[in-house]
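2 protein chains.
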Amino acid sequence: MTETIKGGQTRDRILKRTREILITRGFYNTSINDIVVGTGVKKGNLYYHFSSKEDLGIAVLQDAKEDFFKFLESAFSGDNPLDCLRNFLDAILNEQRKKNFVGGCLFGNTALEMSDNNPEFARIINEIFRRWAGIIEGYLNEAIARGDLLTAFNPYQLSELIIAAIEGGIMMARVSKEGRELAGCIESLKKLLASNPRNVAPLQTAQ
Amino acid sequence: MTETIKGGQTRDRILKRTREILITRGFYNTSINDIVVGTGVKKGNLYYHFSSKEDLGIAVLQDAKEDFFKFLESAFSGDNPLDCLRNFLDAILNEQRKKNFVGGCLFGNTALEMSDNNPEFARIINEIFRRWAGIIEGYLNEAIARGDLLTAFNPYQLSELIIAAIEGGIMMARVSKEGRELAGCIESLKKLLASNPRNVAPLQTAQ
Numbered sequence: 001m002t003e004t005i006k007g008g009q010t011r012d013r014i015l016k017r018t019r020e021i022l023i024t025r026g027f028y029n030t031s032i033n034d035i036v037v038g039t040g041v042k043k044g045n046l047y048y049h050f051s052s053k054e055d056l057g058i059a060v061l062q063d064a065k066e067d068f069f070k071f072l073e074s075a076f077s078g079d080n081p082l083d084c085l086r087n088f089l090d091a092i093l094n095e096q097r098k099k100n101f102v103g104g105c106l107f108g109n110t111a112l113e114m115s116d117n118n119p120e121f122a123r124i125i126n127e128i129f130r131r132w133a134g135i136i137e138g139y140l141n142e143a144i145a146r147g148d149l150l151t152a153f154n155p156y157q158l159s160e161l162i163i164a165a166i167e168g169g170i171m172m173a174r175v176s177k178e179g180r181e182l183a184g185c186i187e188s189l190k191k192l193l194a195s196n197p198r199n200v201a202p203l204q205t206a207q
Numbered sequence: 001m002t003e004t005i006k007g008g009q010t011r012d013r014i015l016k017r018t019r020e021i022l023i024t025r026g027f028y029n030t031s032i033n034d035i036v037v038g039t040g041v042k043k044g045n046l047y048y049h050f051s052s053k054e055d056l057g058i059a060v061l062q063d064a065k066e067d068f069f070k071f072l073e074s075a076f077s078g079d080n081p082l083d084c085l086r087n088f089l090d091a092i093l094n095e096q097r098k099k100n101f102v103g104g105c106l107f108g109n110t111a112l113e114m115s116d117n118n119p120e121f122a123r124i125i126n127e128i129f130r131r132w133a134g135i136i137e138g139y140l141n142e143a144i145a146r147g148d149l150l151t152a153f154n155p156y157q158l159s160e161l162i163i164a165a166i167e168g169g170i171m172m173a174r175v176s177k178e179g180r181e182l183a184g185c186i187e188s189l190k191k192l193l194a195s196n197p198r199n200v201a202p203l204q205t206a207q
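From first to last, the protein sequence lines are chains A and B. Numbering-wise (the numbering used here), the first sequence opens with residue 1 and increments by one. Numbering-wise (the numbering used here), the second sequence opens with residue 1 and increments by one.
Simulated from the structure, these hints should not be mistaken for laboratory data. Keep in mind that a hint or two might mislead.
The list cannot tell twin chains apart, which means a pair is met if one copy fits it or any two copies do.
As the list claims (entries may be wrong) - Think about it this way: if two alpha-carbon atoms lie no more than 30 Å apart in a straight line, the pair counts; the simulated DSSO-like pairs of lysine-lysine are:
no., residue 1, residue 2
1, 190, 6
2, 6, 42
3, 43, 190
4, 190, 42
5, 43, 177
6, 65, 16
7, 70, 177
8, 42, 177
9, 190, 53
10, 43, 98
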């Protein structure tokens with residue numbers, strides 16, 4: 001029992017620390033030796049828990065996925081569905097700001113690095129994007145049903161646009177290290193969640 | 001003279017072929033040996049033109065950047081600025097479709113793989129995103145000035161939202177290999193370019 005707990009703790013420590021390494025360095029730029037040094041776990045012990053770097057990478061993704069959906073649960077807080085959506089958008093921006101826009105999004109990074117090379121990585125990330133879009137769509141549908149949101153967008157398509165703009169905004173902020181781009185995207189997405197975008201800010205008037 | 005032309009041709013062949021390799025495999029997952037095999041150019045000749053893999057990677061980015069802005073010039077075609085913007089969005093989707101959503105966007109891939117590891121890569125990609133945003137902003141401002149577009153969005157922020165949604169949409173399509181996500185994002189972005197998004201599609205009516 002104690003052995004199992006200790007083994008579980010070691011496994012978890014490897015997963016969490018490797019996640020930090022992979023998020024900034026990427027998968028191919030990280031060697032098993034980097035993981036040995038970064039986790040402080042001996043190579044033999046590492047291979048006891050994970051049969052290969054791919055196996056470890058997949059486990060890191062699965063572990064990060066669980067944490068991400070827990071984060072989303074708390075991020076979608078508010079008195080009504082539109083508030084929940086706005087708070088979720090702010091929570092994403094705050095998370096990236098806390099990290100000074102270093103590392104970006106593990107899923108986005110891995111999507112671009114691995115999806116043409118390893119179908120299992122692609123499969124997991126695809127699943128994450130779809131489940132995430134489904135959650136956003138649920139709030140959008142609720143807002144529409146309550147009459148809080150009038151939109152010309154198809155709710156599922158809008159939920160994918162939101163995810164795409166978040167992932168792209170994180171990418172742009174990571175490149176510039178300024179965060180202005182992601183903040184701008186979040187602001188624009190909030191405008192999209194206003195019933196009529198024309199009413200929520202000074203109009204660009206025609207001349 | 002002939003020597004120089006031949007040298008220039010070899011350099012160009014290395015750049016174009018390496019671009020294809022990097023776009024699907026990524027930078028760290030590509031070895032000098034992969035490039036030797038892929039280009040058919042001997043290692044000595046490769047090092048005659050480029051001092052290191054980083055040096056070659058930077059040159060590939062610069063070369064792809066020039067081609068990209070040439071592509072944009074032809075993509076923004078149309079009788080008025082809104083038409084130009086819509087045709088540009090379609091051109092992006094068509095380019096990705098032609099490639100079956102394999103490879104994605106070299107700049108986006110490199111942004112996520114390299115920007116925390118190599119400031120020179122980040123600097124070039126940041127420059128590309130800004131110049132691209134500036135071009136989109138120009139068309140948006142023109143459309144607003146002509147009275148073709150009434151929008152609550154700040155034109156520069158909207159141009160960055162468009163780029164973010166394109167990059168994120170390419171990412172999602174690359175993961176799913178379906179293209180539906182990018183097509184959806186492009187459709188949503190076109191709705192944003194209608195003066196009033198509420199008017200361009202059947203309303204999601206409140207109950």
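Violated hints, by number in ascending order, as checked against the structure = Going through the list in order, the structure violates hints 1, 3, 4, 5, 8, 9, 10 and respects the others.
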